[in-house]
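Build the full structure now, drawing on both the sequences and the hints.
What follows is each chain in one-letter form.
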Amino acid sequence: EAAVTQSPRNKVAVTGGKVTLSCNQTNNHNNMYWYRQDTGHGLRLIHYSYGAGSTEKGDIPDGYKASRPSQENFSLILELATPSQTSVYFCASGDDGTGFNTQYFGPGTRLLVL
Amino acid sequence: QQKVQQSPESLSVPEGGMASLNCTSSDRNFQYFWWYRQHSGEGPKALMSIFSDGDKKEGRFTAHLNKASLHVSLHIRDSQPSDSALYFCAPWGNYAQGLTFGLGTRVSVFP
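Sequence lines, in order, name chains A and B. Basically this note's numbering = 1-based index in the first sequence + 305. Basically this note's numbering = 1-based index in the second sequence + 37.
Quick caveat, the hints were computed from the structure, so don't treat them as lab data. Take these hints with a grain of salt, some might be off.
[As the list claims (entries may be wrong)] No more than 25 Å apart at the CA atoms, straight line, and that leaves these computed lysine-lysine pairs for DSS-like:
1) LYS316/A with LYS40/B
2) LYS40/B with LYS82/B
3) LYS362/A with LYS82/B
4) LYS370/A with LYS323/A
5) LYS82/B with LYS94/B
6) LYS40/B with LYS362/A
[Said to hold, decoys possible] Some chain B residues near chain A, calculated using beta-carbon distances under 7 Å:
7) GLY80
8) PRO81
9) ALA83
10) GLY130
11) PHE138
12) LEU140
13) PRO148
Note that the structure is predicted; figures quoted are calculated from it, not measured. We put the beta carbon where it would ideally sit given N, CA and C, even for glycine.
Below is the structure:
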């Protein structure tokens, strides 16, 4: 099964600080995604990428940047963290070889911004 | 308003019973409906997809799609404790963009 790992698994940050969440996939998937999960909002797409060097805005990109330096790695960057960004963040990679784009999710990063 | 409406919000089912989940999309630009399942403390995992009208069965899980009404349901037969999880519906079009998830249905299977 596809393997997606995230680091750190837990993070406490201060308001105004910079936070970088990292994601790695070992399945050579072209597509990668960042979501956040909040009670009452479900899973929402922040940024996604079609391949190394590309990033696209999702449904809620404000306050977030993304970086895809290689096929395997996709980072989510919070330049100036705010308490409203306290959430659980999931990275996913997509298998577009079959056309079905099954998405494989990582275990999540729990971020608390104080 | 949510583009994807799921009901019920939560569901308790006896072990061995049937669980029925519903999902309606307001987006007609889709080719497939996905069902994802998320156990507590884990990331979501793809359960099954359906793109044709009618039923699709995979083991104890059956999905039913009605494209005209943009409604899909998921039925879990012979529910097991391991089926206790949050179930998400996500319609998807033929592109590599991310999924739009519903808020989910929490299923609890009790002995």
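Hints, verified against the model:
| no. | hint | in the structure |
| --- | --- | --- |
| 1 | LYS316/A with LYS40/B | violated, 31 Å |
| 2 | LYS40/B with LYS82/B | holds, 21 Å |
| 3 | LYS362/A with LYS82/B | holds, 23 Å |
| 4 | LYS370/A with LYS323/A | holds, 11 Å |
| 5 | LYS82/B with LYS94/B | holds, 18 Å |
| 6 | LYS40/B with LYS362/A | holds, 18 Å |
| 7 | GLY80 | holds, 3 Å |
| 8 | PRO81 | holds, 5 Å |
| 9 | ALA83 | holds, 5 Å |
| 10 | GLY130 | violated, 10 Å |
| 11 | PHE138 | holds, 4 Å |
| 12 | LEU140 | holds, 4 Å |
| 13 | PRO148 | violated, 27 Å |
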